[in-house]
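Start from the sequences and build out the full structure, keeping to the hints where you can.
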Amino acid sequence: MLSPGVEPSSLTDYLRVATIHDLMREHFKHWHSIAVRWGDMDALGHVNNAMYFTYCESARMSYFEAIELWKYREHDRQGPALVTATCRFKQQVHYPAWLDVGARVSEIGNRSFTLEYEIYRQGTDVLVADGSSVVAWVDYEAGKAIPLPDGLRAAIRRFEGLRGEGET
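Residue numbers (our numbering): 455 to 622.
Rather than coming from a laboratory, the hints here were simulated on the basis of the structure. Treat each hint with caution, since some may be false.
Claimed, not checked - Derived Cβ-Cβ restraints for the label pairs, each shown as a range:
(1) 596 x 548: 38 to 48 Å
(2) 568 x 480: 13 to 23 Å
(3) 479 x 504: 44 to 54 Å
(4) 527 x 588: 16 to 26 Å
(5) 481 x 603: 22 to 32 Å
Unchecked claim - Calculated lysine-lysine pairs in the BS3-like style (CA-CA distance at most 27 Å, straight line):
(6) 525 x 598
(7) 525 x 483
(8) 544 x 598
Heads up, the beta-carbon is just placed ideally off N, CA and C, and yes, glycines get one too.
Right, dumping it as structure tokens:
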């Protein structure tokens with residue numbers, strides 16, 4: 455395998471890199487590109503750990519736009535709320551850099567769904583972080599989770615290529 459940043463010198467090298475790259479990323483249908491900003495770094499000279507949560511948030515909002523999540527709200531007093539967020543740091547990132555953040559729904563529950571994220575150096579198979587989050591569908595006035603709208607469930611299944619209950 456070629457080292458990150460090394461250009462393939464032959465068609466064989468190119469196909470090997472492309473195949474590895476595609477295999478690692480194929481389970482994500484949604485990708486969001488992010489430019490690392492100078493202000494994202496901390497006193498240690500690498501991207502601050504909190505920024506990875508912001509990168510995942512940006513990918514999550516982009517995912518919501520892709521599935522048109524907002525049209526499934528019955529009124530503006532209900533919608534998504536982040537319940538948990540996790541991140542595992544694999545490799546340091548320094549400015550300047552571009553990152554690709556993959557987002558996918560891995561589980562759909564009655565009142566919530568789980569998103570998984572993988573963050574790569576753009577154009578490489580270098581995984582710099584991964585994580586997950588649980589998003590509940592909430593009645594904001596009551597302050598409690600309510601069932602996910604059927605249309606939202608269907609939109610997620612369609613986008614992810616998943617079969618619904620009772621589908622073959």
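Under the constraints set out in the numbered hints, which ones does this structure not fulfil? 3 and 8
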